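Student: Heads up: the protein sequence lines correspond to chains A and B, in order.
Take numbering that gives the first Met the number 0: the final residue in the first sequence is number 355, and no numbers are missing along the way.
Take numbering that gives the first Met the number 0: the final residue in the second sequence is number 355, and no numbers are missing along the way.
No lab work stands behind these hints: they were computed from the structure.
The structure presented is a predicted model; accordingly, all values stated were derived computationally and were not measured.
Be a bit skeptical, because a hint or two may be false.
What the hints assert, rightly or not - With a cut-off of at most 30 Å between alpha-carbon atoms, the simulated DSS-like pairs for lysine-lysine come out as follows: (1) B:306 - A:24; (2) B:306 - A:55; (3) B:49 - B:24; (4) A:306 - B:304; (5) A:49 - B:306; (6) A:223 - A:55; (7) A:304 - B:306; (8) A:24 - B:304; (9) B:304 - A:96; (10) B:55 - A:304; (11) B:49 - A:306; (12) B:96 - A:306; (13) B:306 - A:306; (14) B:49 - A:304; (15) B:304 - A:55; (16) B:24 - A:306; (17) B:129 - A:304; (18) A:304 - B:24; (19) B:24 - A:24; (20) B:304 - A:304; (21) B:304 - A:48; (22) A:306 - B:342; (23) A:48 - B:49; (24) B:48 - A:304; (25) A:49 - B:48.
Claimed, not checked - Simulated restraints on C-beta separations: (26) A:271 - B:284: 51 to 59 Å; (27) A:292 - B:284: 50 to 58 Å; (28) A:271 - B:74: 23 to 31 Å.
Even for Gly, the Cβ is constructed at its ideal location relative to N, Cα and C.
In case you want the letters, here they are:
Number of protein chains: 2
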Amino acid sequence: MQTPLFMNVGTAAAIKGAVSTEDLKELGCQVQLSNTYHLHVRPGDEVVKKLGGLHKFMVWDRPILTDSGGFQVFSLASLRKIKEEGVYFNSHVDGRKIFMGPEQSMQIQSNLGSTIAMAFDECPSSLAQKDYVRASVDRTTRWLIRCRDELLRLNSLEDTVNPKQLLFGINQGAIYPDIRIEHAKTISELDLPGYAIGGLAVGEPNEVMYDILDRTVPYLPQDKPTYLMGVGTPRDILESVSRGVDVFDCVYPSRNGRHGHLYTHHGTVRLLNARYELDDRPIEEGCDCPCCRTYSRAYVRHLLKAKEMLGMRLCVMHNLYFYNTFMKEIRDALDDGRFESFKRDVLSAMEADNEK
Amino acid sequence: MQTPLFMNVGTAAAIKGAVSTEDLKELGCQVQLSNTYHLHVRPGDEVVKKLGGLHKFMVWDRPILTDSGGFQVFSLASLRKIKEEGVYFNSHVDGRKIFMGPEQSMQIQSNLGSTIAMAFDECPSSLAQKDYVRASVDRTTRWLIRCRDELLRLNSLEDTVNPKQLLFGINQGAIYPDIRIEHAKTISELDLPGYAIGGLAVGEPNEVMYDILDRTVPYLPQDKPTYLMGVGTPRDILESVSRGVDVFDCVYPSRNGRHGHLYTHHGTVRLLNARYELDDRPIEEGCDCPCCRTYSRAYVRHLLKAKEMLGMRLCVMHNLYFYNTFMKEIRDALDDGRFESFKRDVLSAMEADNEK
Chain A
0 MQTPLFMNVG
10 TAAAIKGAVS
20 TEDLKELGCQ
30 VQLSNTYHLH
40 VRPGDEVVKK
50 LGGLHKFMVW
60 DRPILTDSGG
70 FQVFSLASLR
80 KIKEEGVYFN
90 SHVDGRKIFM
100 GPEQSMQIQS
110 NLGSTIAMAF
120 DECPSSLAQK
130 DYVRASVDRT
140 TRWLIRCRDE
150 LLRLNSLEDT
160 VNPKQLLFGI
170 NQGAIYPDIR
180 IEHAKTISEL
190 DLPGYAIGGL
200 AVGEPNEVMY
210 DILDRTVPYL
220 PQDKPTYLMG
230 VGTPRDILES
240 VSRGVDVFDC
250 VYPSRNGRHG
260 HLYTHHGTVR
270 LLNARYELDD
280 RPIEEGCDCP
290 CCRTYSRAYV
300 RHLLKAKEML
310 GMRLCVMHNL
320 YFYNTFMKEI
330 RDALDDGRFE
340 SFKRDVLSAM
350 EADNEK
Chain B
0 MQTPLFMNVG
10 TAAAIKGAVS
20 TEDLKELGCQ
30 VQLSNTYHLH
40 VRPGDEVVKK
50 LGGLHKFMVW
60 DRPILTDSGG
70 FQVFSLASLR
80 KIKEEGVYFN
90 SHVDGRKIFM
100 GPEQSMQIQS
110 NLGSTIAMAF
120 DECPSSLAQK
130 DYVRASVDRT
140 TRWLIRCRDE
150 LLRLNSLEDT
160 VNPKQLLFGI
170 NQGAIYPDIR
180 IEHAKTISEL
190 DLPGYAIGGL
200 AVGEPNEVMY
210 DILDRTVPYL
220 PQDKPTYLMG
230 VGTPRDILES
240 VSRGVDVFDC
250 VYPSRNGRHG
260 HLYTHHGTVR
270 LLNARYELDD
280 RPIEEGCDCP
290 CCRTYSRAYV
300 RHLLKAKEML
310 GMRLCVMHNL
320 YFYNTFMKEI
330 RDALDDGRFE
340 SFKRDVLSAM
350 EADNEK
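Bound conformation, chain A alone (with noise of 0.2 Å):
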């Protein structure tokens, strides 16, 4: 894996937008990102197991990074109840009861056989009180030793997908700094092959999150990739990587794509906008993906209006295309030593936004 790099987001194993893995070739994907729980609930992991793993199920030879189920449970289930042990709730789809600690979490993603595990943790709400944080972040901490021991068994076992399953730890604490240090601190010592920050962008502000990053990630490995949950923005990826951030994930290219905003070099192209009726450019001039090599945004902005999915997959193609190339851009910039000037460059050019 080339980084910083941004993981493209495909739920239950496949990109929303009819998106396929050959398609995510021709779009540079390095590493496909995929949930536990929903594979969990449907097909079911068992099954995804007996199929020889995701990567066969879906048939990518890349990376894949499955999250731990925790923020769907957080998320989507009710009546959860959180416990030493783990988390008791009711499933969103048939509200059936079900458990999920952190040698379950490690089961479903050992039976899914992803190259990366992620471990099993709650993300507390960034306006949790700081008492409750604190006790939290050091569950979390006991959990993620449960789940080292739990994968280094699974791995160890005959028949697993993958031997080799990789475990990266979960930095939390919410916005406070000193419970993010002190937890960063603690989990480094495992001396895991990654760690990532979770529970930012959850809401607060940005300022907030590049504060809190400015502050945690020095105590995290430097010699270990460090993957920001769910950010974000190219403006919040320029400033995290100036940060010290490599891995990223987000839903914003596709499912802002889904609704025709679309991402440029030059600001955001709504499509929906009348202005693009008769417009026959591509969505990005000297954009190569798929949809702008070949079609306009007048007729993409009619296959939206009309509701045809080939609207949907166009759009969506366009922004990850955009997203994996601008990571390019900026590994480029890095490896040139004039990344702080392309940020600069780039910021300024996205906020004159071509729409104004």
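Given chain A's structure and the hints, the job is docking chain B onto it.
Tutor: Just chain B now, kept in the frame of chain A:
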């Protein structure tokens, strides 16, 4: 165009199921069919004309056939009133009053700039009384002459998108052979570049349709393409080719594909069936379509169950590839003088049905 051929239906200038014109080339599509009424409503035929016509708009350099809009007027619109001059009806989108007659249909199709324009006709119900059908068919003949004259005028205008636009006439007559035959003789005298048979496959038994074809096709010009509108299943296509039909169109492959109903040379695969949950074979062994080349039944089934658009796209692509390939197999069998044995073999293999 190599006949017999199957036209792939792109109602609103796109194949439903996120399939692009680039994809269509890979799927072996020779002719795209687009719907005049839908494009008149959205984005508007004037918009398409300003953008250089349908070929340029959707980036497709092979033939396009547009229907007349008549079928949609008769099937979608409410409160319609048929007069000698044309049809008054209320838009199915916003209820506003619209008039469409032969001249309007030709003007819209001229704005779209398709390769082949279809005549504006009435398609009477297969259950209509004979007196009604006779009067309707006579009016359709008068409308055809008005279509021909209007297209001649439009093709001679300076700013016409496609000055070589062709007109196909349409044979009607419900299930009355004498009306069908008389009408076929009358419209053949107009010496148009091609003729269609309309008003079949609208609910009447298959054997009735075959009987009408047996009696009517001999009275249409043998040296010009005969197009059977809206047909159909692989069996209907084989039976119709036997009876001299050259051109087909049908929404079955795309619509059925979106519902996981897949065509193979060994019968249909209904992919939502639980038996395919762990099936790692392609939809059809040996099929070279973009779906079967890479993905398994189990994976595509999961995508459909999870309502991922990608599942629909892959299924539609398989079905269109199947239809286009099937037509090539028919052409090869005709070239080799072994069509009847080919037809027998195909029908018996399909009836064996691999799901039984």
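Student: In ascending order, which of the hints set out earlier in this document are inconsistent with the structure?
Tutor: Of the numbered hints given earlier, those the structure breaks are 17, 22, 23, 25, 26 and 27, listed in rising order.
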